[in-house]
Structures are given as C-alpha cells and as structure tokens.
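Peer 1: Spelled out, the chains give:
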Amino acid sequence: MADLIYRVNMTNLSFKIEEVPTEWLGLGGRALTSTIVAKEVDPECHPLGPNNKLVFAPGLLSGTSASNSGRNSCGAKSPLTGGIKESNVGGTSAGIMSKLGVKALIIEGLPKNEETFYQLHVTKNNVEFIEVPELVGLDNYAVLDAMAAKYDKKVAVMSIGRVGEMRMNLANISVKDPSGKLRSHGRGGLGAVMGSKKIKCITVDAENYKEVTIADPEKFKEASKIFTKALQENPISGEGLPAFGTNVLVNILNEAGGLPTRNFRAGNWEFAENICGETMAENIKARGGKTTHGCHAGCVIQCSQVYNDKDGNYLTSGFEYETIWALGANFGIKDLDLIAKMDGLMDDLGVDSIEASVTLGLAVDAGILAYGDGEKAYELLSKDLPNGTPIGRIIGSGTHILGKIYGLVRVPTVKGQGIPAYEPRAVKGQGITYATSTMGADHTSGYAVATNILNSGGYVDPLKKEGQVELSRNLQIATAAVDSTGMCIFVAFPALDDPKCLPALVDMINARFGASLSIDDVVNLGKTILKREHEFNIKAGLNSAEDRLPEFMKYETLPPHNVVWDFTGEEIDEFWNF
Amino acid sequence: MHILVKLFAQYREGRFKAEQRDYPEEATAQAIINELNLESVSPLGVLMVNGRHVDVSYLLKEGDEIALFPKVGGG
Ligand code: SF4
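For the record, the sequence lines run as chains A and B.
Each residue of the first sequence is one higher than the one before, counting from 1 in the numbering used here.
Each residue of the second sequence is one higher than the one before, counting from 1001 in the numbering used here.
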C-alpha cells in the first residue's frame, strides 16, 4: 500500500489520512518537512501560536535495509531563529513510521483547553488522543518508562521534558534509540513547538507494521552492498569515527587554532587533552563502556558510544564533540566525567545540549557563574532550568536572549542560534555556512570543516577567503539532499572521497521507488529545498542582514593566528547566486 | 634541530602523545612520518606545523611543532 500523510489537528482533536500529493511523492526527510512548512505555515506566524505546524517525515530510504538510513526529520517555524527549521535524528522513529506507511505526520492547531497534555498514539490508519495528566512534570526517561510499561518495548517514542512543557527555546524533542536511551531533534526549540501544541509524547506502534516495499529488490540489494562497502572502507567512516567518535575533533581544532575558547576569545585551549577523543576512548576502554554504538539499527559507522563513570556506571551515550567543546573549552570544565554527567542530564531534561552549553559560556560574561564552575552549572541545569525559576528561564531562552538581557556584545549567535564548536574566523568556510544557513548557526548544514581542516573532499585553506563561498554552497546543497534521504550526514565523508558512494545512494532511491533519478536530479533537489527554505526565511523577516556573523568577530582578533572575520556583506550574499 | 612531535588518534598507540625529538637540518615532514612508521597504522589525514596545514615535503625548522593525524572526521 502506498504511503500516506497523517494529519492531526490539536484544536478539535481530530485526524485524517490523506493521499500524498503528486508533487510530494519524490520527497522525504528534510525535503518534505521544509516543503510542507513552506507551503502550509504562514512565515509571519508566531512559532508557538495556532498557525505553526510541527511536521515529522522519515527519509526516503528510512525503513529499508540501507545502511545509515534511519534518520527522521522534524520541521516547523523555529521559536529560536524565527525562521524555518529542520532537525533530524536517529533513534527508532524513522524506521517504524516508514514501515507503518506514514510518509509524514503533520500536527496543526492548539488545544482550546490549556490545562491538558496529550499523548498521540499513531497506529496503522489511526491516531489516538490520550490525556496524560500523570506524565506532566516528568522528564524524558520517566516518559520512556511509562510507554514501555504500556506497549510493546519496541514502541517508538518522541517526547518532551519539563523544559518543553514550559516552551523554552532550549527544548528539544527526544527520541528513543534502539538501546532505550535518547537521541534528539536538537536545535531550534522544536520541543517548545511540541509543548505549545500540548503534546507530551508521540508513540508509534511497532507491533503491526509491514516491511517497506521495494520496487526492484535485486537492484536495491546490489546498490546497498556497494554503498555499505564504501562506508566501511573509507578511513574516516570505517575507522576514525567508530574508534574515537566525533570528539576526535577536539585536538584537531585545537591544533588548527579553531577551537572556540572562553566564549570565543581564543582558538585553542591549554586543557584540550583533558576532554579530547583520545582521552575519552581510553576512559571507555578502562571502564567497560562501548567505543562503538549506533544511534539507530542499520548504522554501520557507529560513531556513538557508551560512556561510564569510574565505577562503571552509565553516564551518557551519543557523547558528541560539539557538547564536549561547549562545556569544555568554551565554558571551562576540565573534567570529562562531569561533562558526561551533564550531557546525560540534558538528554533526560530534553534540552539542546549545544545551545544550553553555549549559553552557559556566555553566562560567564554575564557574571552569572565563573568560568569552569561545573558544579554551579549543573545546579542551574538540574534545578533552575526544569523548575522554571527566573534565572532558569533566562538560561532556557538561549544564548541570544541571555546576551540581550545582560547587555552583552560578544554574543556568538547567527539568526538567534548559538554558534557551535568551530571558530568562524579561523575556519572561514564554516563561517560562511553559519552566516548563510537557513537554520541559523548550524554546523551540520554545510560542514566546510571537512575541506578546511580534515582534507576531505580536497583542501581549501581555512584562513583565506578564496573558495569558501563556493565550498559552503556545494556542501549545503549536498547536505539538503542527503538530509532528505534519511541518511546520517556522516555518509558525506565517503561520498566526498569515494566515487562509488553517491551513485550507489541514488541507485538505492531508484530501486526503492522504481524511479530513474540521476545524480544531477538529486543535487537539484538540494538546490530547490535550500531556495524554498530561504524564501520562507525572507518572508519571515530574515533577510540578507541576518546572513551575518556577530559583529565582534570583525574587530576582535582571534589568537593564535590573530585573524578576524573579513568577508564583506556582498561577498557573503554571493552564496545565494545559484 | 629540536622538533616537538605530536601524535593523535591511532598514531599514539605504542608510540607517544608528544615528544621533543632531534632531527638533522633540512629534515622533511615525510621523514618523520617514515621514521615513526605512521602509515603502517593508517593513512595520513592531517599534517600541521605550528597550527598551519602543510605538505609532507615541508622542510622543518628549529623549534617547529608538528602535529600528525590519521584520517579522522566528525561533525
Ligand atoms: S554514524 Fe553516528 S550519527 Fe550517524 S547513524 Fe551512526 S551513530 Fe548515528
């Protein structure tokens, strides 16, 4: 049976099933969420009001046996950036939705009764609205436990914690992963949108689905083999990522002078060795965690890990470079175990660990706490934030608003979103991505670090302006396409360097749908999506003046290379010439 | 001449993290890679001297800091 659109209306608690309009047939993941948001959401609407919509769409290949295809996209107008948002995640939801034949889940309206929170339970051809007063005030793991008690243990769960109930900008939507831990639709405050719609959690039935249909199973199998081999044979995806996780980047960025330190005052940190991927891997080995772990079934790269404390007790998983950088070099915590504990806490609370930690880095400048005071930071995150005290609410508003409240100038945000992990002055291609991304400062949307720092896909000097706009543009187009397939973005490493990888990916899409797309068609899809998102943003008021980095980066030189951000507005705006 | 050699990721296994080492004048980065037999572990990914990307033919100077990474990535 063909896939269908499930449309939920929270105003009158109704739902209907719709056929997929022809123009949406070839879309999945980000392409579909952004297309639906652009078509159906008024760009001028209040992100937490009745006219915003929350859209979930698994990728084109999700639910199939293709390696690394289990990413689910979530889209809406973002309360953090005021623009369009797409955030994708591993976990079990994408595969289960696809197998149930849900092409997209669109949630619109707001309930009239402001007191009640609901659980949406999605089954084949039905959505139940269940009042869940017993879950109100609980955080994510308690919600997972409650759902595991109610349904088959494989049920997919997407939930928000107290911070999402309070509609704070830091709130993410957390998704259960195969080992019962959490992954997140992290950035942009999508959890606040879910909270505004009074949805505490969404569950998707995992008992009565069918396997997805493949138009040409033989061709699919063949392409899938080539694709998997490309992932496994590439030294980055096959060896580096599994062994050290993304946190291997601490030392590389530190060496390159691109590791933002003390709220973006320097590009290297004297304590990098304390928090780096090599130290993390050593701890994991000594303490019986796991260096390799997948965020969803079918991941053959396994960049994730299970990180335990000294006594072998679980602290966190999915322990990523960006969070470790933000709490480490940028905020000053030298103890990797404390960072891990905070990462695990943020999973449970359902907050964007990048935005929260960049906010803490700025909170030092605001005089709220001292650089490196992890204990105080833990208290703010574990007590003030989820209890919604005034200081908790200020932190919960994110970097940009905290900066305004305290009258600060060195505020590292673009379009209201905190800048992650790569210093734009010293990794200039990444700076172009931060400036122009439709998502605000988002490192995944065009990972120029690959070519500026990692020699992946060639080399463009990170300290020079030449070639950066083109590099970022090509990467952002490719990423928009990859985000639509359901693939994890790390397939980009083999795709950049192995000529067999991308054709195999396109062959899988063709075999799945009986289509005959070329690589150019897929690239064009990426272009179309970017332009669609950009158009939405312009209508929402995010014009070219918002495609800029914070001004202080133009006049404060960054050690050790003593560089500034030296692109003119016109040079940045060239980005959109395609 | 004195060179600070820093190794990362898999290159550290059975070797060292950072060491001051002596090399003859005009030694190249490649000579250090060969001496330490790094590429038997994993192909060279990133080579930096004093925080700047350089080519393996780079001629080392007294006091240089060289950083050697296998092919790694993240994001
Ligand atoms: S490589 Fe990492 S992010 Fe990608 S699917 Fe695997 S575990 Fe998830």
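Since the hints were made in silico from the structure, they are not lab data.
Treat the hints loosely; a few may be bogus.
Stated by the list, open to error - Chain A is nowhere near these chain B residues, computed Cβ spacing over 12 Å in every case:
id, residue
1, ALA1027
2, LEU1036
3, LEU1068
What the hints assert, rightly or not - Interface residues of chain B toward chain A, partial, derived using beta-carbon atoms under 8 Å:
id, residue
4, PHE1008
5, ALA1009
6, TYR1023
7, ALA1031
8, ASN1037
9, SER1040
10, PRO1043
11, MET1048
12, GLY1051
13, GLY1063
14, PRO1070
15, LYS1071
16, GLY1075
Stated by the list, open to error - Some chain B residues well away from chain A (every beta-carbon gap over 12 Å; in silico):
id, residue
17, MET1001
18, GLN1010
19, LYS1017
20, GLU1025
21, GLU1026
22, GLN1030
23, ILE1033
24, SER1042
25, LEU1044
26, ASN1050
27, HIS1053
28, ASP1055
29, TYR1058
30, GLU1062
31, VAL1072
Where a beta carbon is used, it is the ideal one built from N, C-alpha and C, also for glycine.
Peer 1: Each hint should be assessed against the structure and marked as holding or not.
Peer 2: Hint by hint, here is what the structure shows:
no.: 1; hint: ALA1027; result: holds (20 Å)
no.: 2; hint: LEU1036; result: holds (16 Å)
no.: 3; hint: LEU1068; result: violated (10 Å)
no.: 4; hint: PHE1008; result: holds (5 Å)
no.: 5; hint: ALA1009; result: holds (6 Å)
no.: 6; hint: TYR1023; result: violated (20 Å)
no.: 7; hint: ALA1031; result: violated (20 Å)
no.: 8; hint: ASN1037; result: violated (17 Å)
no.: 9; hint: SER1040; result: violated (14 Å)
no.: 10; hint: PRO1043; result: holds (6 Å)
no.: 11; hint: MET1048; result: holds (5 Å)
no.: 12; hint: GLY1051; result: holds (5 Å)
no.: 13; hint: GLY1063; result: violated (15 Å)
no.: 14; hint: PRO1070; result: holds (7 Å)
no.: 15; hint: LYS1071; result: holds (4 Å)
no.: 16; hint: GLY1075; result: holds (5 Å)
no.: 17; hint: MET1001; result: holds (21 Å)
no.: 18; hint: GLN1010; result: violated (7 Å)
no.: 19; hint: LYS1017; result: violated (8 Å)
no.: 20; hint: GLU1025; result: holds (25 Å)
no.: 21; hint: GLU1026; result: holds (24 Å)
no.: 22; hint: GLN1030; result: holds (16 Å)
no.: 23; hint: ILE1033; result: holds (14 Å)
no.: 24; hint: SER1042; result: violated (6 Å)
no.: 25; hint: LEU1044; result: violated (9 Å)
no.: 26; hint: ASN1050; result: violated (9 Å)
no.: 27; hint: HIS1053; result: violated (7 Å)
no.: 28; hint: ASP1055; result: violated (10 Å)
no.: 29; hint: TYR1058; result: holds (14 Å)
no.: 30; hint: GLU1062; result: holds (19 Å)
no.: 31; hint: VAL1072; result: violated (3 Å)
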